Amino acid sequence: MASYLLIESRDPYDSNDVRFCCDLAKQLTQQGDQVTVFLVQNGVLPTRAGARADGLSELSKAGIEILADEFSLRERGIPSDRLMAGVKPAPLDVVIDRLAGGCKAIWH
Amino acid sequence: MADKKTLTFALMDPPYENARSTTALRLIHIAAKRGYDINVFAYEGSVYLAFAKQKPHPNAMHGRNIEEENHVLTKDLVSSLMEETKRNGGKFDWVNCGLCVDERGATEAVEGVRRGSPGDFLKMAEASDNTLVIGTRG
Amino acid sequence: MKALNIIETGYRATLEEQDDPGVWLSYTLKAAGGDVDVLLRGNAVNYAVQGQDSAGLQYGTWQQTQPPRLAENIASMTSKGMSVFIVSEDLQERGLRGVPLVEGLTPVARSELAHLFGRYDQVWHW
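Protein chains in written order, with my numbering: chain L, 1 to 108; chain Z, 109 to 246; chain F, 247 to 372.
Possibly wrong hints are sitting among the right ones.
[Unchecked claim] Per label pair, the in silico range of CB-to-CB distance:
#	chain 1	residue 1	chain 2	residue 2	range
1	Z	N178	L	S3	35 to 43 Å
2	Z	N178	F	E262	32 to 40 Å
3	Z	N196	F	E262	49 to 57 Å
4	F	G350	Z	R223	30 to 38 Å
5	L	D54	F	S322	36 to 44 Å
6	L	S3	F	A278	24 to 32 Å
[Said to hold, decoys possible] Straight-line Cα separation of at most 25 Å, BS3-like style, residue types lysine-lysine; simulated pairs:
#	chain 1	residue 1	chain 2	residue 2
7	F	K248	F	K326
8	F	K326	Z	K231
9	Z	K113	Z	K141
10	F	K248	L	K26
11	Z	K113	Z	K199
12	Z	K112	Z	K199
13	Z	K112	Z	K163
14	Z	K161	Z	K112
15	F	K248	Z	K231
16	Z	K161	Z	K194
17	Z	K113	Z	K231
18	Z	K113	Z	K194
19	F	K326	Z	K112
20	L	K61	L	K26
21	Z	K113	F	K248
These are computed hints drawn from the structure, not numbers from a lab.
In this text the structure is predicted, and so the values were computed from the model without any measurement.
By construction, the Cβ of each residue, glycine as well, lies at the ideal position given by its N, Cα and C atoms.
With the rest of the complex left out, here is chain L (with noise of 0.2 Å):
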């Protein structure tokens, strides 16, 4: 079993490709990986309750991690008691965390 962290940088409404990260997280789930998603910059723009989260709500329901850097929420006027359900805000340490663990790093 090997662990993933998939850092999401790109936002459904300017990219379609955002059903790469998705789709990658659940087949890796699925395969028996370890994943965390972790959402930066315009990534966080889909969080905001209520808004159209494509792919992110399916990850949310199949239980992966899904973490959003708080800067980048903050940076937005996200709050971080209103985000869609099963987002966590995280600060970007986790990142640094995650590598120095070894998890094998993908950024999108």
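The hints should help you fit chains Z and F onto chain L, whose structure is shown.
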């Protein structure tokens, strides 16, 4: 430091064009505070991150002079990150891809930055605990 | 250390660079002794198309003499022993089924990417 790590980052984006360069430097800052050994391979436009000839400017639209504007110069961020790393017991190696430097004329980099090649990136990655590539978009 | 380079963006600065920077980097890493393979996805799958021709650019009196030869570059990677994977659905979406492509590429379905990534120590998305 018992939990000291070596991380390599490969960057592609120049400053002032998109958010990726900011996030990359934020990540390096976190690693620097921890005193990790940090390698950076600056490819393509990211060789400009450490370009020594960056100059600050005022912001007349906001009525700010040069000092008040205190504009971000990424060369200063790079220098500061080097110092922070060393202050916390880490080593910092920033390599600008030489061909990328040449074609852009970005030959003057801040002190501590060296010229290299993808071979350096390979050596860095092979000697690191982990590597993160922050690619660009067209 | 086995690494998989993912190349997704197509035709970004390729005319100015006279190369695709991700493709160029990949075979340079291989030449430097790296154990590196490549996955073409997104618009980069078009790099596998035979018959691309960007010759003839001229700016004033300056003429480009070395236009990028992306399909040749992809072919040279396979001849150097690199595995070059290409996402099947991305080819299909772009109408590339049945279009002559560089030989020696390994098609991979999107559903197989997780398994593919598991074979590598590092997965780098350029």
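Discussion item. Can you confirm whether the C-alpha distance between F:K248 and Z:K231 stays at or below 25 Å?
Written reply: 13 Å, holds
Practice prompt. Sort out whether F:K248 lies within 25 Å of Z:K113, counting only the CA atoms.
Written response: Judged against 25 Å, a Cα distance of about 20 Å means the pair holds.
Worksheet item: Is it true that the CA of F:K326 sits at most 25 Å from the CA of Z:K112?
Response: Violated, because 37 Å separates the two Cα atoms, which is more than 25 Å.
Worksheet item: Would the pair Z:K112 and Z:K199 pass a check requiring their Cα atoms to be no farther apart than 25 Å?
Response: Holds. Z:K112 to Z:K199 sits at ~11 Å (cutoff 25 Å).
Worksheet item: Do the alpha carbons of Z:K113 and Z:K231 lie within 25 Å of each other, as the hint requires?
Response: Status holds; Cα separation ~16 Å.
Worksheet item: Going straight from one Cα to the other, do F:K326 and Z:K231 come out at no more than 25 Å?
Response: 20 Å, holds
Worksheet item: Under the criterion that the straight-line Cα-Cα distance not exceed 25 Å, is the pair L:K61, L:K26 satisfied?
Response: 11 Å, holds
Practice prompt. Go ahead and decide if the range 35 to 43 Å is satisfied by the Cβ distance of Z:N178 to L:S3.
Written response: Holds: the Cβ-Cβ distance is about 40 Å, inside 35 to 43 Å.
Worksheet item: Are Z:K112 and Z:K163 close enough, with their CA atoms no more than 25 Å apart?
Response: With Cα atoms ~35 Å apart, Z:K112 and Z:K163 exceed 25 Å; violated.
Item to complete: Could you tell me whether the CB distance from L:S3 to F:A278 stays inside 24 to 32 Å?
Response: 28 Å, holds
Worksheet entry | Range agreement (Cβ of F:E262 with Cβ of Z:N196, hint 49 to 57 Å) | At roughly 39 Å between Cβ atoms, F:E262 and Z:N196 fall outside 49 to 57 Å, so the hint is violated.
Worksheet item: Does the Cβ-Cβ separation between Z:N178 and F:E262 fall within 32 to 40 Å?
Response: 34 Å, holds
This entry does not satisfy hints 3, 13, 14 and 19, going by the numbered hints stated previously.
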